[in-house]
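Undergrad: Chain by chain, the residues:
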Amino acid sequence: MITTARGLLSLPLALLAGLSTAADVSRHYSHSDARYVHHIDLYDIDNRKITAESTRPYSPLNTCGRCHDYETIAHGWHFNAFLPESEAGRRGEPWIWTDPRTATQLPLSYRPWDHTYDPQQVGLSRWQMAHHFGGRVPGITLPAAEQAEAEDEQAEDGQQAEQEDSAGDAETEPPVDRWKFSGDLQVDCMICHAVSGAYDFNQRREQIEDENFAWAPTAGLRLGSIDGSVSRIKDDADPEDESVQEKMPTVQYDARRFGPDGTVFMDLVRKPSNNACYQCHSTRTVGDDGIEQRWIHDQDVHLRAGMQCVDCHRNGIDHHIVRGFEGEENPSGQAVSTLSCQGCHLGDEPADADELVAFDVRAGRMGAPLPLHRGLPPIHFEKLSCTACHGGPAPRGEALRVMTSLAHGLGAAEHRSGKELPAILAPIYTKLDDGKIHPHKGMWPAFWGHVQDGRVQPLNPETVHSLTRRSLRVRKDFVQEILQPKPKSSKLKELLGEERAKLDEQEWTEEEAAKVAAHVETEGLAEFEEKVAGALETLEEELDLEQAVYVASGIIYARSEDEEDALQQLSLEDPQATEVATWPMAHNVRPAGWSLGAKGCVECHRDDGLVFASTITADGPLRGDDQPIAMADLQGIDADQRLAWNQLFGGRSSFKYVVGGSLGILLAILLIGLGALAAGRSSHPSTSQTA
Amino acid sequence: MFRILNALLLIALVLIVAVLAITAVPALGDGHLGGQMLMAHMAVSGALVLLLPVFAVWSLVRYLDPGRSTRLARWGFWTVVLTGVATIGTVFVCMLPVLGTDAMHAMIHWHGLAGWTMLPATALLVLGSFKKRGAARS
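Sequences listed follow chains Z and G, in order.
Under numbering that gives the first Met the number 0, think of the first position of the first sequence as 0, with each following residue one higher.
Under numbering that gives the first Met the number 0, think of the first position of the second sequence as 0, with each following residue one higher.
Hints are supplied without guarantee of correctness; some may be wrong.
[Unchecked claim] Have a look at the derived ranges for each label pair, beta carbon to beta carbon:
1. G:ALA102 with Z:VAL194: 42 to 52 angstroms
2. G:GLY30 with Z:ASN273: 54 to 64 angstroms
3. G:ALA102 with Z:ALA304: 23 to 33 angstroms
4. Z:VAL657 with G:ALA102: 22 to 32 angstroms
5. Z:ILE295 with G:ALA102: 47 to 57 angstroms
6. G:ALA102 with Z:ALA591: 40 to 50 angstroms
7. Z:ARG269 with G:GLY30: 17 to 27 angstroms
[As the list claims (entries may be wrong)] Facing chain Z, from chain G, some residues (calculated, C-beta under 10 angstroms):
8. ILE21
9. VAL24
10. LEU27
11. LEU81
12. VAL90
13. HIS104
14. ILE107
15. LEU112
These are calculated hints, taken from the structure and not from any lab test.
Cβ atoms here follow ideal geometry from the backbone N, Cα and C, with glycine treated the same way.
Chain Z with its partners taken away, still in its complex shape (with noise of 0.2 angstroms):
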């Protein structure tokens, strides 16, 4: 009987847990500096020696976790996503549920972050944040199967009472579970650990896109081909039909690939290469002209200097990655201050340390340079952080969009112009919850939902899918096909003229590109109108709710009570719904020469000072207000105090004369005293005395 794929991991999986410990001795390591040579025999999802011959896929579990403790492997960082038990930590780039038929981009965790939604609160099962989000991360562990089935269940449970609540006898669908069919989407370590350039990335998620989870190691590895589509089951098919299991997808390994001893050579690292990293964790900028070109943009002045990620981000086999932030705590109970940047360049020690400090907290990690920060006051240690200064993409007048791999897919090969959703924008200079100016990524939620409790609760972004098909009628892009509508030639021609008209756009004159613009900016309003309008009715009628809404850039949209297909913006104190949800960069970090005030203090403390004075204009689906924001007003900085800061600075330097002359005459003045007490003690010797 062939048993299902997930059903077999969990005997291996509970044996490993038992048996093994983060520094497990009964295993067998070569424990040398030296590159172990990996001739393996590799084992299928159904622990079964692999031969040339079979048809399952490669289980990083059963293969990998022979040696490696992959319990305590799965828990790290950056698979833990989906544990409810799992550290939160510093907040990071959010899971952005993004889909361009609907305008949405939605910011998701189940780490209890600002501004981010849990999945479960709207409905989406953990297998579809896997199958949304699975080929942008290296594995996800979930949390123990009874475990998850209860959370599963409470979801269901929850979205049902919220939509009873507000709406009466709401019918919901249970949340989506394939995990029966697609199998465990485990941690593959090759992913990071096989040599540069010998993990296809692409293969991989093409295999989750199909749904193939369990298969995706063996494809990424190019161990062999993969036939069949799990995406071709349905939902409520029999696993165990035996229909249904020839429907399933089957490998047929590459022969090269097996010695003659039937093992494979899996060419591995211990230290993960900057190219795989590279696959999660890419970042563009945008510029006016799209996305900028990557010949102009230096390195992370540390990879320039020869380091790797690894040299900082660095884990134990519990795989808990340094993040590198001031103040992390390493849940291994690692000191692992001195792999941040304020650690590693200026050290840890206490005020009132001797020279017997300890090591692990002095500066000069791997031969960092100690930055002496000559005459900047110590005060800018207290109100900013290293990268504010150092850190992100230069800033300019505003903050521009930028692309991560982790919400737009880098690394897939795609027709890409810089203007898909989500939109993210960079560099914010924000504060985090050490009072610290950080620079950030942030985005705007746009999303779909319903008013309950005076908050905007989202919908199922599936569900609104489904159920707004018809009403919006968007093929691919909301944006495009609404609210950017391509003009119909005729209209052209009233607007440019017969002849200008047949010209391509390239051709047109500034002033007939903005009638265009203009022409189509207010029919895309319109359409937006009464679209939106009619998917708000739609969903209001199909899901009971008592007032559907659209949020995008920071504004509430709902039906309007006089008219039909029309809208009104809502005012609700939802911060979460209607804010910027932001979270800290670092990276690239640039040379000291790049650093703001470099140039000293009024490249800051002036009226247009970027760090304060650049501004972020709401971006997403639409543009919202179109009121730019200031830094200093997301800072809470009074803009009176700033003003009269900058005039301070504005005579700085002339006042360091008035100064150093004002010094001068109290020193000749000292001088003169000390001259006069002298010649009064040689004229009076026995008063001197006797006094």
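Mind docking chain G on chain Z? Use the hints.
TA: Chain G only, in chain Z's frame:
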């Protein structure tokens, strides 16, 4: 006229030192200056930088002559000048691209000590001046 100017300069000095001391209170202990207090401290410190040399030059002859001032006032005057040099000097070097962060921390520490010492020095100066005037009246 001479006396009025003397008195005006002394009153201005006392006021400036008092405001500087008040605005420096948040820095006592482990605290640090910031926001409105720091701005006020910086603005008034500019006044001290201008006034102290004027006051010192104006009063120099008087405080050099034991016959024209009391011992208490002379002690006060020279301590004010000395602490003034230390207070202004420690900040002045911090304004120049010379010192690193640790040295600047040390300078700010010494700035605080010198600044707080200026307070009793100014008090001595005022007491000495009153004593002189009281003696002159009697």
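Undergrad: A separate judgement is required for each hint: does it hold in the structure or not?
TA: Checked hints:
Hint check: G:ALA102 to Z:VAL194, Cβ distance near 48 angstroms, so the stated range 42 to 52 angstroms holds. The hint said 54 to 64 angstroms for the Cβ distance between G:GLY30 and Z:ASN273, and at roughly 44 angstroms that hint is violated. Hint check: G:ALA102 to Z:ALA304, Cβ distance near 27 angstroms, so the stated range 23 to 33 angstroms holds. Range check, Z:VAL657 to G:ALA102: about 23 angstroms between beta-carbon atoms, so the 22 to 32 angstroms window is met.
Between Z:ILE295 and G:ALA102 the beta carbon distance is about 39 angstroms. The supplied range of 47 to 57 angstroms is therefore violated. Look at G:ALA102 against Z:ALA591: about 18 angstroms separates their beta carbons, and that is not inside 40 to 50 angstroms. A hinted range of 17 to 27 angstroms is violated for the C-beta pair Z:ARG269 and G:GLY30, which are about 48 angstroms apart. The restraint placing G:ILE21 at the interface with chain Z is violated, with a minimum CB-CB distance near 19 angstroms, outside the 10 angstroms limit.
Using the Cβ-Cβ criterion of 10 angstroms, the hint placing G:VAL24 at the interface with chain Z is not satisfied: the shortest such distance is roughly 17 angstroms. Annotation: interface hint on G:LEU27 violated; nearest CB of chain Z at approximately 16 angstroms, more than 10 angstroms. Checking G:LEU81 against chain Z: minimum C-beta separation of about 7 angstroms stays under 10 angstroms; hint holds. For the restraint placing G:VAL90 at the interface with chain Z, the shortest Cβ-Cβ distance is roughly 8 angstroms, inside the 10 angstroms limit, so the hint holds.
About 6 angstroms separates the beta-carbon of G:HIS104 from the nearest beta-carbon of chain Z, less than 10 angstroms, and the hint is met. With 10 angstroms as the threshold, the beta carbon of G:ILE107 comes within range of chain Z, its nearest partner Cβ sitting at about 7 angstroms, so the hint holds. A cut of 10 angstroms between beta carbons decides the hint on G:LEU112: the least distance to chain Z is about 17 angstroms, and the hint is violated.
Checked against the numbered hints given earlier, the structure breaks hints 2, 5, 6, 7, 8, 9, 10 and 15 and satisfies all the rest.
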